[in-house]
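Can you make the complete structure from the sequences, with help from the hints?
Heads up: the sequence shown begins at 1 in this note's numbering, then just goes up one per residue.
For the record, the hints were derived by calculation from the structure and aren't laboratory data. Incorrect hints may have been included.
[As the list claims (entries may be wrong)] Label-pair distances were calculated between CB atoms; the ranges are:
hint	residue 1	residue 2	range
1	T155	I15	31 to 37 Å
2	N273	R51	34 to 40 Å
3	T47	T339	38 to 44 Å
4	R51	L275	44 to 50 Å
5	L150	L61	28 to 34 Å
6	T57	W79	31 to 37 Å
7	S227	L150	39 to 45 Å
Note that the Cβ used here is the ideal one computed from N, Cα and C, for glycine as well.
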Amino acid sequence: MNPTALMIMLLSLAIGTTMTLMSHHWLLAWIGLEINTLAIIPLMTKTPHPRAIEAATKYFLTQASASALILFSATMNAWKTGEWSITLLSDPYTITLSMALMMKLGLAPLHFWLPEVIQGIPLSTGLILSTWQKIAPMALLLQISHLTDLKLLITMGLTSILIGGWGGINQTQLRKVMAFSSIGHLGWMVLILKFNPQLTLFNFLLYITMTAAMFFSLMSISSTKISEISSSWPKSPILVTTMMLVLLSLAGLPPLTGFSPKLLIILELAKQNTLLLASVTMLASLLALFFYLRLTYVMILTLPPHIPPSSTHWRTTKNSPLTATMTTLALLIFPLSPTFLLII
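See the structure below:
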């Protein structure tokens with residue numbers, strides 16, 4: 001892609017998200033979401049492949065449907081209340097706006113577009129879609145968290161955790177694994193949204209850090225399939241080792257970064273006297289733990305690929321400082337969790 005066009009698209013992404021974050025008016029927030037949607041589509045189709053065109057079309061149709069629902073609901077709400085303020089919603093339109101934002105995020109059962117779209121686009125665009133594109137809808141969802149229905153959030157959260165774990169088990173494509181991982185993590189965030197929005201924000205920031213670290217690592221070794229990871233060990237043993245640890249962090253194993261949000265969410269659910277919900281959530285997360293451990297097993301313990309030693313490139317992968325920084329954050333933030341919570 002032309003560097004000037006790429007810069008315009010990235011700048012448009014930044015402007016769209018910033019506009020949504022700064023707005024207290026539904027119309028301005030909707031405009032920011034539309035700028036975001038239109039700016040990422042050229043990035044999806046920068047490699048003119050039928051899968052990329054299909055992914056961009058699916059993404060556009062899904063996001064356009066969610067945006068139309070947001071605009072219609074906000075207009076009807078303004079007609080009823082006389083206000084366009086984000087935090088002033090009347091009863092029937094709160095649910096429709098929440099569902100539209102969850103559709104934009106890719107929460108189950110409105111998740112069907114996310115794995116297919118991420119599978120059809122490059123890793124770099126998948127990184128933007130999994131992290132940056134979720135900031136604006138999540139910010140709006142946080143602003144209306146006190147108005148949303150608790151039963152809706154619990155149902156969507158538990159469904160997303162189950163679908164995120166179940167859908168990732170049989171996958172051989174790393175991008176689809178990351179898509180189902182995203183669905184599962186978003187389920188944890190939505191589950192606690194009504195009880196403690198600050199904890200949802202903390203979980204979201206850590207999710208962005210860990211997902212970005214994983215995508216940067218996959219981009220460094222140019223792997224999109226599970227079978228390709230095993231051949232990456234001779235190229236860069238240190239990078240593959242840190243990738244394994246990032247996967248375990250995404251799974252939520254102590255003492256890595258991903259353990260802190262899961263621990264704090266379970267403790268918060270216990271404080272709210274929802275022990276049954278906490279137990280079901282922990283059991284559902286075991287599905288996701290299985291495919292993370294499966295990926296880890298493929299990385300480290302499988303036999304090397306059947307290729308002659310002479311054709312193996314020994315440690316030819318270049319690790320960027322950004323990859324190293326994100327990986328370090330994705331592994332070592334756990335001791336600093338109380339400090340971050342105080343800041344939030």
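### Task
Taking the numbered hints from earlier one at a time, note which ones the structure violates and give those numbers from smallest to largest.
The structure breaks only hint 2.
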